[in-house]
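Chains as they are written, first to last, in numbering that gives the first Met the number 0: chain P, 0 to 118; chain G, 0 to 136.
It is worth saying that the hints were derived from the structure and are not from the lab.
Glycine is no exception: its CB is placed at the ideal position from the N, C-alpha and C atoms.
Treat the hints with care, as some may be off.
Said to hold, decoys possible - Calculated Cβ distances over 10 Å to all of chain G for the following chain P residues: (1) A10; (2) M23; (3) V36; (4) C55; (5) V114.
Unchecked claim - On the chain P side, residues computed to face chain G include the following (Cβ under 10 Å): (6) A14; (7) L17; (8) K24; (9) Y48; (10) S69; (11) L72; (12) P77; (13) A80; (14) K91; (15) R101; (16) R102; (17) L107.
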Amino acid sequence: MIWVLVIVMVAATVASDLLQSFEMKRAGEQSVGARGVGRLLRMIVARRYLLLSIVCLAFSFFAFMALVQSAPLSFAVPASASSFILETVLAKLLLKERIGPRRAAGCLLVLGGVVLLGK
Amino acid sequence: MPISNKTVRTYLLLVLFLALRAFGNLSLAWGTKHMPETLAADPLVYIRSMLHPGIAMGVAMLILALLVRLALLSLADLSFILPMTAIGYVLAALLGRVFLHETVSPQRWLAVLLIFGGAVLVSATPQATTGRPEGSK
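With the rest of the complex left out, here is chain G (with noise of 0.2 Å):
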């Protein structure tokens, strides 16, 4: 298998992970805000509180993104993957400005670059270091 066909499946998966967390989070976010209950140490207020239709599409959301994440960890380096999901950090911001109507201060924008920058500069390095047999499945 070519080596460009593995790198197009890992920006596949990383991209599909990226969309599935970021909403995810919204999706939880909202729905932990308009629940009646506050969330505290009692686990029953959290059992309960799945069935919020926002909390249980945000947990769903974040189900399937845990399960992408996992086959990135088996193609990719965990030290590749962190920085990249950053740009996730970035997406939260923005989400949460937009449909949650949060203040992001200008200083907020420039950590953004920041995060953009970092993540561009990872993006150039190896995905995996560490090696491993060819074709273990």
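Excised from the complex, chain P in its bound form (with noise of 0.2 Å):
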């Protein structure tokens, strides 16, 4: 059960991330100051990509609070790190963004330590 809770989790954690990075990158950048939340939800709203990204965010938000029920919570969170490679990939396939070999060397060692940490 805890490892169906983690799939769907990083599932729909991918989708929902790809999804609002497309989004914010052509909507340009934003602040958060007293105006810019209101116009960040405004902009929610307007579009569509930033509301299907978070649908999926609300799928994999649930899987996390019933994960985190009956996981330790340095497990569950540590867990949800297992998106991090799949994201990075599709960052570069998708989103074109450059990975340079430190980036790259970054990414690894952070997945080898999620995985030491998620034992």
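Combine the two chains into a complex, taking the hints into account.
Put into structure tokens, the structure is as follows:
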């Protein structure tokens, strides 16, 4: 059951992050001042991919809630990082971000740590 | 606008995001472990659980964290933000140990070091690589 929750959580997170990053880059730079938050909220409603990303995020969140109820926090949070390598690869392929050797090495280190942490 | 200003803003948002998410997760974990029902596929149980103060506070903090992250994504690459927010995994282990009395083995602390190493490596790379039109608002 715990691993089913992890899989649902990871798949939904990956979809949500990619959609979010794609839409926010198209929107240009945003801030979180008093007016910035209002603008952000209006933008979320106006942009379809952003709404879709929030639906994915809700799925991922409910899976996380169920996970954190039965597993320790120090397992559940690192387990959510399994999405990490998949996202980096997709960020390169779909969002055309350039992943240099340092960034790739850093990602691998973080992943190694996350795997150890999850054991 | 000077580049350094944008960098400062990026790191400030990053710190805010990390704090909101770590304590939001902690509050949520504490709340779900202390609620009477077990969370399963029934959506009503999730909706009822939002009435628990620990869960409600956790959810509020995580929503704020999401808004901060949206702003962060507009400033920097996803592949920069993801490794930096990995510091959150370390915070989760720390908070789980201190507040929820979870056992954290030496192997887990080694993992913590690996994650920090990775995050530091990534922080030395350019934050945005895809480029976008100047002054697009």
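How the hints compare with the structure:
1. A10: holds, 16 Å
2. M23: The claim is violated: M23 (chain P) sits with its nearest Cβ about 4 Å from chain G, within 10 Å.
3. V36: violated, 6 Å
4. C55: holds, 12 Å
5. V114: violated, 8 Å
6. A14: Where the cut-off is 10 Å and the nearest Cβ of chain G is about 13 Å from A14 (chain P), the hint is violated.
7. L17: holds, 8 Å
8. K24: holds, 6 Å
9. Y48: violated, 12 Å
10. S69: holds, 8 Å
11. L72: holds, 4 Å
12. P77: Result: holds, 5 Å to nearest chain G Cβ.
13. A80: Holds: closest Cβ of chain G sits about 6 Å from A80 (chain P), inside 10 Å.
14. K91: Result: holds, 7 Å to nearest chain G Cβ.
15. R101: Hint on R101 (chain P): holds, closest Cβ of chain G at ~5 Å, below 10 Å.
16. R102: holds, 5 Å
17. L107: holds, 7 Å
Checked against the numbered hints given earlier, the structure breaks hints 2, 3, 5, 6, 9 and satisfies all the rest.
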